[in-house]
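Using the sequences plus the hints, can you model the full thing?
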Amino acid sequence: MYFDEVVRNSDHTGEQLFLVSFAIYQAMCIWDTTMFPLPFWAELLGKAVALGIVVVKILLYDGYSPVKLVVLVTAAACTAFTAYSARYIPAFVWVVYLAGSRNVSFKKILEVYLVVTCAGMIMAYAASMIGTIENLQYISEKRGIRNSFGIIYTTDFAAHIFYMLLTWFYLKGEDLKGIHYLGAVITATLIYLFCSARLDSVSILMTAALFWIGNAITRSRYTGDRVKRLWNQGWAKISPFIMPVCLAVALGATYAYGAGNGPSQKLIEFDQISGGRLRLGWEGIEKYGLHLLGRYVPMIGNGETTKFQTNYSFVDSSYINLLLRAGILFMAAVLILYAISCRKNSRDLYFLYAVALISVNSMIAHHLAEPAYNPLLLAAFTGCVRETGDRYKISYR
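Take the sequence shown: its position 186, counted from the start at 1, is 186 in this note's numbering, and no numbers get skipped.
Take these hints with a grain of salt, some might be off.
Claimed, not checked - PhoX-like mimics (lysine-lysine), calculated; alpha carbons at most 20 Å apart, straight line:
#1 K344 <-> K108
#2 K68 <-> K307
#3 K142 <-> K307
#4 K108 <-> K68
#5 K237 <-> K344
#6 K107 <-> K172
#7 K107 <-> K344
Keep in mind that the hints were calculated from the coordinates and are not lab data.
So, in structure tokens, the structure goes:
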């Protein structure tokens with residue numbers, strides 16, 4: 001009895017350390033996406049403290065076996081090299097937080113993410129409305145005025161909304177009601193009208209549609225058991241392959257655009273609609289190539305200023321972006337971690353929906369592995385189980 005109590009107290013302390021660290025790091029990341037000024041030393045200190053807390057938690061409370069510890073140290077060393085040579089830090093950060101997320105409630109992680117992100121977004125929006133920080137407004141003849149509402153760019157503001165809404169929908173799960181779906185539709189409409197962020201508006205609508213259809217099938221008394229079983233089994237089987245398929249499509253379309261005899265008319269039209277994503281992706285691959293551990297690829301975008309960037313060269317597709325900057329090994333690791341998460345949570349349809357939506361969104365947007373936006377990668381090492389039945393029984397440990 002005493003030993004069991006000691007173990008439980010140890011797990012609780014370790015979990016608290018992780019959540020405090022995650023909240024600090026998330027706050028630094030969110031702040032970094034706003035127009036609020038932040039001295040470099042303050043950002044560096046905050047993130048160093050957060051990572052230090054996680055390392056303490058790993059050393060004192062996680063008890064990894066020697067073999068697993070060697071694997072984690074090797075992964076940390078590889079991503080540290082990527083952080084140094086390619087100047088891409090998120091890969092190293094994910095290794096540390098994945099290692100530290102063991103025995104931590106995934107539900108609590110997502111709740112911390114929502115509280116910190118929502119607070120940051122409200123602060124940025126309010127400050128931009130009263131003029132404390134700038135509300136960047138991009139004027140386009142075809143798309144009107146695009147507001148960023150205190151965030152560094154309009155699509156970054158919209159991406160925050162999409163990931164927060166998706167996380168909230170995931171946590172609500174079976175408790176989603178008509179008012180929630182209607183709220184998502186209204187949110188998507190407002191994002192389109194005031195930010196002209198087409199991808200995230202569509203992504204939010206897809207979120208509402210998929211969760212509504214899923215609940216309509218699995219929870220309706222008029223749906224037969226066979227249909228429910230096929231729906232559940234279908235998602236369990238295909239979910240580990242959705243992200244690899246999306247990667248293959250994004251990479252294949254990029255190569256089809258630039259290689260061979262040139263792009264087809266349809267690819268040219270898609271490239272124009274998507275803001276030159278295929279062209280910029282191909283230019284990045286052609287100029288820098290793909291490497292195992294990535295390399296430094298300057299990303300010059302329109303963020304933090306309304307001035308026209310004559311040398312714009314930002315690769316938006318998460319898959320191409322990660323392959324260029326973080327390397328083939330890290331991209332493969334991301335696919336494996338999501339596949340593990342889908343396998344482990346194969347009975348949690350809401351998680352599978354979320355992974356599918358993120359996979360599709362990441363074909364065009366670059367937020368797949370950015371800690372400020374997407375916390376779902378941590379599901380690989382945490383507890384996250386919903387058992388199917390007439391009523392979903394939820395256990396997050």
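A quick look at each hint next to the structure:
1. K344 <-> K108: 18 Å, holds
2. K68 <-> K307: 49 Å, violated
3. K142 <-> K307: It holds: about 18 Å lies between the C-alpha atoms, which stays within 20 Å.
4. K108 <-> K68: Since the Cα atoms of K108 and K68 sit roughly 25 Å apart, the hinted pair is violated (cutoff 20 Å).
5. K237 <-> K344: 12 Å, holds
6. K107 <-> K172: 11 Å, holds
7. K107 <-> K344: 15 Å, holds
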